[in-house]
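Counting along the sequence shown from 1, when you hit position 117 you're at 117 in full-length UniProt numbering, and nothing is skipped either side.
Please note that the accuracy of each hint is not assured.
In silico DSBU-like cross-links for lysine-lysine, where the CA-CA straight-line distance does not exceed 35 Å [unchecked claim]: (1) Lys42 with Lys31; (2) Lys70 with Lys3; (3) Lys112 with Lys3; (4) Lys112 with Lys168; (5) Lys42 with Lys112; (6) Lys70 with Lys108; (7) Lys31 with Lys3; (8) Lys168 with Lys3; (9) Lys3 with Lys108; (10) Lys70 with Lys168; (11) Lys31 with Lys70; (12) Lys112 with Lys31; (13) Lys70 with Lys42; (14) Lys108 with Lys168.
For each label pair, taking beta carbons as the anchor points, the in silico distance ranges come out as [what the hints assert, rightly or not]: (15) Asp66 with Pro150: 24 to 32 Å; (16) Pro52 with His113: 12 to 20 Å; (17) Val36 with Cys155: 30 to 38 Å.
Think of the hints as simulated: they come from the structure by calculation, not from any bench. Just so you know, even glycine gets a beta-carbon here, dropped at the ideal spot from N, CA and C.
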Amino acid sequence: MSKPTFTLRPATTADSETLFNLILALAEYEKLTHLVEATPHKIEAALFGATPHAEAVLVEVDADVDGNRKAVGFALFFHNFSTFLARPGLYLEDLYVDPAWRGHGLGKALLKHLAALALERGCGRFEWSVLDWNQPSIDFYRAMGADVLPDWRICRVTGAALDRLGAK
């Protein structure tokens, strides 16, 4: 199987619907569609509005003989901060490549791109989470040099619990 020609590029406001469709595909893969509240409009506001909260990179491949390109994956990320390092970090919220395009180096290219971006921006860390049942992704990340930290657990407060905790 030949390696496809692909391009990585920052997402723009015109890509909001494309990102939404890729997010839905990711949610289906992770069996989490019941949690999706995103819409193309919400994505546009959150990523490209007056105060962008995250960034995204799309991976596109040649989709037809006319050279039109099709987005088959994305990485959505934002900056966090390490108090111990006193430096920003880059946090990868989601990485997804359409199953038909896996095994062609697209996910690896996205990770390498973000790692280079983290270095360029002076980040001391590049981090992300992975579901404990997703062994193919765990193996992939380890092969890329990532440590899967066994001692850390994600804490999350959402919905009514967030309302209660944040009530004044």
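Outcome of the hint check:
Proposed proximity of Lys42 and Lys31 is supported: the alpha carbons are some 21 Å apart, at most 35 Å. A distance of roughly 16 Å separates the Cα atoms of Lys70 and Lys3; the hinted pair therefore holds under the 35 Å criterion. Note on Lys112 and Lys3: the hinted pairing holds, with a Cα-Cα distance of about 17 Å set against a maximum of 35 Å. With a C-alpha separation of about 43 Å, the suggested pair Lys112 and Lys168 falls outside the 35 Å cut-off, and the hint is violated.
With a CA separation close to 28 Å, the supplied pair Lys42 and Lys112 stays within the 35 Å bound. For the suggested pair Lys70 and Lys108, the alpha carbons sit about 18 Å apart, so the restraint of at most 35 Å is met. For the proposed pair Lys31 and Lys3, the alpha carbon gap of about 29 Å is at most 35 Å, so the pair holds. For the suggested pair Lys168 and Lys3, the alpha carbons sit about 56 Å apart, so the restraint of at most 35 Å is broken.
Restraint check: the Cα-Cα separation between Lys3 and Lys108 comes to about 13 Å, which is no more than 35 Å; the hinted pair holds. Straight-line distance between C-alpha atoms of Lys70 and Lys168 comes to about 47 Å, which puts the hinted pair past the 35 Å bound. Simply put, Lys31 and Lys70 have alpha-carbon atoms about 24 Å apart, close enough for the 35 Å limit, and the pair holds. Taken as a hint, the Lys112 and Lys31 pair is honoured in the structure, with Cα atoms around 27 Å apart against an allowance of 35 Å.
Proximity of Lys70 to Lys42 is assessed by CA-CA distance (about 22 Å); at most 35 Å being required, the pair is judged to hold. Among the hinted pairs, Lys108 with Lys168 is inconsistent with the structure: their alpha-carbon atoms are about 45 Å apart, more than 35 Å. Between Asp66 and Pro150 the C-beta distance comes to about 49 Å, which lies outside the given range of 24 to 32 Å. Under the hint 12 to 20 Å, the C-beta atoms of Pro52 and His113, about 18 Å apart, fit the expected range.
Remark: the range hint 30 to 38 Å for Val36 to Cys155 is contradicted by a beta-carbon distance near 22 Å.
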